[in-house]
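Protein chains in written order, with our numbering: chain H, 1 to 578; chain W, 579 to 1040.
In case anyone wonders, no lab produced these hints; they're calculated from the structure. Just so you know, even glycine gets a beta-carbon here, dropped at the ideal spot from N, CA and C. Don't take every hint at face value.
As the list claims (entries may be wrong) - No more than 25 Å apart at the CA atoms, straight line, and that leaves these computed lysine-lysine pairs for PhoX-like:
1. W/Lys968 <-> W/Lys913
2. W/Lys1029 <-> H/Lys550
3. H/Lys273 <-> W/Lys957
4. H/Lys412 <-> W/Lys1035
5. W/Lys598 <-> H/Lys412
6. H/Lys103 <-> W/Lys655
7. H/Lys541 <-> W/Lys968
8. W/Lys598 <-> H/Lys46
9. H/Lys412 <-> W/Lys977
As the list claims (entries may be wrong) - Listed next, the stretches of chain W that the computed footprint assigns to chain H, with coverage defined by at least 3 CB atoms under 8 Å from CB atoms of chain H:
10. 604-611
11. 729-738
12. 844-858
13. 897-908
14. 949-956
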Amino acid sequence: MKNKGEIYRISGPVVIISGLNTKMYDVVKVGTEGLMGEVIGIEGDKSTVQVYEETSGLKPGEPVENTGMSLSVELGPGLLESIYDGIQRPLPVLKDSMGDFIKRGVSANGLSREKEWDFVPMVKKGDKVNGGDIIGTVQETQNIEQRILVPPNVSGTISDIKKGKFKVDAVICTLDNGKELMMMQKWPVRKPRPVAKKMTPNTPLITGQRILDGLFPVAKGGTAAIPGPFGSGKTVTQQQLAKWSDTEIVVYIGCGERGNEMADVLHEFPEIKDPKTGRPLMERTVLIANTSNMPVAAREASVYTGITIAEYYRDMGYDVSLMADSTSRWAEAMREISSRLEEMPGEEGYPAYLAARLSEFYERAGKVKALCGKEGSITVIGAVSPPGGDFSEPITQNTLRIVKVFWALDAKLAQRRHFPSINWLNSYSLYTKALGPWYDEHVSPDWVKLRNDSMELLQKESELQEIVQLVGSDALPEDQQLTLEIARMIREYFLQQNAYHEVDTFCPMDKQYKLLKAITSWGDKAQSALEGGAEIAEIMKSSTKDDLAKVKYEVEFDKALGVILKNMDEEFARLRGK
Amino acid sequence: MTKEYKTINQISGPLIFVEKTEPVGYNELVNITLPDGTTKRGQVLDTSNEIVVVQVFEGTGGLNKECGVRFTGETIKLPVSKDLLGRILSGAGEPLDGGPRIVPEDRIDITGAAINPYARLPPKDFIQTGISTIDGMNTLVRGQKLPIFSGSGLPHNEIALQIARQARVRGSNEPFAVVFAAMGITNEESQYFMRDFERTGALERAVVFLNLADDPAVERLITPRLALTAAEYLAYEHDMHVLVILTDITNYCEALRQMGAAREEVPGRRGYPGYMYTDLASLYERAGVIKGRKGSVTQFSILSMPGDDITHPIPDLSGYITEGQIVISRELHRKGIYPPVNVLPSLSRLMNSGIGATRTREDHKAVSDQLYAAYAEGKDLRGLVAIVGKDALSDRDRKFLEFADMFEDRFVRQGEDENRDIETTLSIGWDLLAELPETQLTRIDNKYIDKYHPAHKAEKKE
Chain H
1 MKNKGEIYRI
11 SGPVVIISGL
21 NTKMYDVVKV
31 GTEGLMGEVI
41 GIEGDKSTVQ
51 VYEETSGLKP
61 GEPVENTGMS
71 LSVELGPGLL
81 ESIYDGIQRP
91 LPVLKDSMGD
101 FIKRGVSANG
111 LSREKEWDFV
121 PMVKKGDKVN
131 GGDIIGTVQE
141 TQNIEQRILV
151 PPNVSGTISD
161 IKKGKFKVDA
171 VICTLDNGKE
181 LMMMQKWPVR
191 KPRPVAKKMT
201 PNTPLITGQR
211 ILDGLFPVAK
221 GGTAAIPGPF
231 GSGKTVTQQQ
241 LAKWSDTEIV
251 VYIGCGERGN
261 EMADVLHEFP
271 EIKDPKTGRP
281 LMERTVLIAN
291 TSNMPVAARE
301 ASVYTGITIA
311 EYYRDMGYDV
321 SLMADSTSRW
331 AEAMREISSR
341 LEEMPGEEGY
351 PAYLAARLSE
361 FYERAGKVKA
371 LCGKEGSITV
381 IGAVSPPGGD
391 FSEPITQNTL
401 RIVKVFWALD
411 AKLAQRRHFP
421 SINWLNSYSL
431 YTKALGPWYD
441 EHVSPDWVKL
451 RNDSMELLQK
461 ESELQEIVQL
471 VGSDALPEDQ
481 QLTLEIARMI
491 REYFLQQNAY
501 HEVDTFCPMD
511 KQYKLLKAIT
521 SWGDKAQSAL
531 EGGAEIAEIM
541 KSSTKDDLAK
551 VKYEVEFDKA
561 LGVILKNMDE
571 EFARLRGK
Chain W
579 MTKEYKTINQ
589 ISGPLIFVEK
599 TEPVGYNELV
609 NITLPDGTTK
619 RGQVLDTSNE
629 IVVVQVFEGT
639 GGLNKECGVR
649 FTGETIKLPV
659 SKDLLGRILS
669 GAGEPLDGGP
679 RIVPEDRIDI
689 TGAAINPYAR
699 LPPKDFIQTG
709 ISTIDGMNTL
719 VRGQKLPIFS
729 GSGLPHNEIA
739 LQIARQARVR
749 GSNEPFAVVF
759 AAMGITNEES
769 QYFMRDFERT
779 GALERAVVFL
789 NLADDPAVER
799 LITPRLALTA
809 AEYLAYEHDM
819 HVLVILTDIT
829 NYCEALRQMG
839 AAREEVPGRR
849 GYPGYMYTDL
859 ASLYERAGVI
869 KGRKGSVTQF
879 SILSMPGDDI
889 THPIPDLSGY
899 ITEGQIVISR
909 ELHRKGIYPP
919 VNVLPSLSRL
929 MNSGIGATRT
939 REDHKAVSDQ
949 LYAAYAEGKD
959 LRGLVAIVGK
969 DALSDRDRKF
979 LEFADMFEDR
989 FVRQGEDENR
999 DIETTLSIGW
1009 DLLAELPETQ
1019 LTRIDNKYID
1029 KYHPAHKAEK
1039 KE
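So that you can see chain H by itself, here it is in the shape it has in the complex:
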């Protein structure tokens, strides 16, 4: 097999090489600088390669070498707290080796070869192990124990196993068939890691965001999409999810987004404490940052790199959440490369295989029984940036055909600083039913009813608003005026949430329930007071109503709410007395 060839033609990130024997998706080293690329097409003795680095100055005739490997990531201890580019090169290592700007021709290992990890074996000599089995553990960060797995396609009987401090590429276990295992394994990013069985998601992902947990929950192992025009708060929502989701591991992919935003994440995450463990959030996070001006082919690869890392932790039996911001930039990278290849375009210039790629990606989410027997899950939350905020465009539409939860961001809400600006009328979640039993058990038996009543009220409000637009609110009957007021309270006091407020940024399930309950109970009391003959103008002056507006910001929420509820009873008793 010939594994040396030369460059034939260069056009942007696409390079055509000749005289090299290749397979599809082989990784090749292009030019004298050895730029990393991947074979994406073969014709005659020529192969088409997408290059992950800047191609300026490359010349026809420069040598190309085939590594014979597919694009793979390194999996093992040291993934957590890392910050990678789209092809798993650690950004701090790149900074050390080439300075503040990303130059090219530098390769860097995904996992440090220097650091030693304390390996504790869980199997002994003579044990039979199969692919995916746990052979030992490493304390990766203070609260996360990495379970070292047998690579999926390997099995045998253990003839030797070690204990103690090792580097990731040291042999720690030998099988009777001569196979040697290290703490690190490699896996091709475009191929899903195998599982024993896929299961149905039935626990909610708790995010601490009232509109998400309360109205449109996503299940652990589920899929959700956040489409929205620019400036509607996609990134803030994604970051809130990355910060507060109750999964053990978070993989955050900044795919084709802003450098300053990534810098913000990189500075903020190490400082924020996990509400459950009190440790920095960074200790459970893997960040992948491929900003919009970094090479487009690496952007295309970044989502695959991210989901493969997520699968690895899932296989250990962890709940993982993965945020991809934004899948539109990923799709655009596909379009850009497709157009360089002069492929026949589908809708709006996107390649015809767009829908297939999107569904393949989202299908890698799910709750599973892993090969080791433990249960794990990956929840995928993808941001979509529809051009002009128009949800009928191909990426939004193809995504909605796959995902189960739709959080529709709304520019109008964002303009009036209603955050999170998720439209409660257009959004939906298909998990509400499956999650019902969980809420009955863990929140309250009346939670589902409370939520449905609130949704109904909001729906009613939008109908009434149409009339108000024509005749003004004073022309409505008094009970409908009250309905509008209660709906407004749900919107402003419950749905609005300030991501930058230290207390309000995270709202536990229990607090959500109490807050919504308090608002609706004010509504019920007001309703019955009105029926009992109280003046609507008097009811509207209620001071406990104003108190409810700010109770969510209280550090001692339960105490403050208790006072309000007590005052509320007294206030309505007075109203009824009049």
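Dock chain W against the given chain H, drawing on the hints supplied.
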């Protein structure tokens, strides 16, 4: 001396196709000599063993198959030195002011490498522009890229100049510079800019690149890159805080589309190339602050929205890259309000990190949110009044309606030379909010109401 080829096989629009060359590098700079001895420059777009495609910056007028083509073996570079300050250069980097050529300290590739996100410092230094709608509600910070989305016939140039004149980081005397790049603007507009730079003495600390409407469109593809290269050089090598004004991004994108069409590429939305997002990102992303370096690059670009349509691909893709946008409103302009900034669709994504107790004032965010919410409500009510008349409104609604008018008249409107500091801006905001019932100020914490609300302030004095 590099080899000269006389093997042009085809000329098509701004492109020439050269045959039978030695290996030529992608993106290499090309010199073309015409039969009459004049020279033009170009850049390699596609290279293979058989044919090399070159885009010619000064246009292909006068070219024929007899022209000589030389490949320089290097990518396009800008000669830089501190003497760039005060100079006026063409869109291709040649002196236009009659001065000498720049004696370079260094020659820098104009493509510019991406800043490693890990090396970036999140921008957070508040820049006071003296314009209330920006400082108060869409705060600009150092290292940000915040474009003006405008339309034809609107006073975006005046606003850009006012910002260039007034923008300061408070309490700082650090050296700063302006880099101005004109892409396809008219001679008249450019004169307007130049006069203002001269009048205010800003030219001494400015670098100007001019590609005017009648200059070749292809040249527009390199003008902003030259400007940003100069800016990065001044920022990162000479510790200056650089404000880059690019005008007009729309002309740049038109040139990009023209090139795409000439290369017979598969077009994306409205005929713009599919890679326009990546291409624009390679300009906008060259703003920022780097750890351990003193200077910074802040971008304030002007973009005129074709047909005032914010969903047009140019503003749309820009909005997904930039850290917000300042939207100019034709409606306010017609009402005679300057600067006609419509705050509702405007946004500064980095505002939250640039404001607050230590940077501006503790109540800044609350005041801004409350102004937004109240103005949005007032504007909605205008629609209602048009149908049912003012009399059908409740007292509360009437207050909000009046608030919207006062907001436009007192907060938005200001003079072209009026430089309001942030305290003035916030106190105008409070005066307006004081016209609303206090119970309606739900976005503001009670402690700030006690401290800053004019009614409470007055009480305390008594």
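Now the hints, each set against the structure:
1. With a CA separation close to 20 Å, the supplied pair W/Lys968 and W/Lys913 stays within the 25 Å bound.
2. Taken as a hint, the W/Lys1029 and H/Lys550 pair is honoured in the structure, with Cα atoms around 18 Å apart against an allowance of 25 Å.
3. The hinted pair formed by H/Lys273 and W/Lys957 fails the criterion: a straight-line CA distance of about 41 Å is larger than 25 Å.
4. With a CA separation close to 35 Å, the supplied pair H/Lys412 and W/Lys1035 exceeds the 25 Å bound.
5. Between W/Lys598 and H/Lys412, the direct Cα distance comes to roughly 58 Å. Violation of the 25 Å bound is thereby established for this hinted pair.
6. Simply put, H/Lys103 and W/Lys655 have alpha-carbon atoms about 16 Å apart, close enough for the 25 Å limit, and the pair holds.
7. The suggested pairing of H/Lys541 with W/Lys968 holds, with an alpha-carbon distance near 23 Å, which does not exceed 25 Å.
8. Distance hint between W/Lys598 and H/Lys46 is fulfilled; the C-alpha atoms sit about 20 Å from each other, no more than 25 Å.
9. A C-alpha spacing of about 22 Å is found between H/Lys412 and W/Lys977, which places the hinted pair at or below 25 Å, so the restraint holds.
10. Evaluation of the coverage hint for the segment 604-611 of chain W: fulfilled, as 3 residues show C-beta separations to chain H shorter than 8 Å, against a requirement of three.
11. As drawn, the segment 729-738 of chain W meets chain H at 0 residues by the rule of a beta-carbon pair under 8 Å; below three, the given contact is violated.
12. Counting residues of the segment 844-858 of chain W whose C-beta lies closer than 8 Å to any C-beta of chain H gives 9; at least three are required, and the coverage claim holds.
13. Coverage of a stretch by a chain is defined here by at least three residues with a beta carbon nearer than 8 Å to that chain's beta carbons; for the segment 897-908 of chain W and chain H the count is 6, and the condition holds.
14. Requiring three or more residues with a Cβ within less than 8 Å of a Cβ of chain H, the coverage given for the segment 949-956 of chain W holds, as 4 such residues are present.
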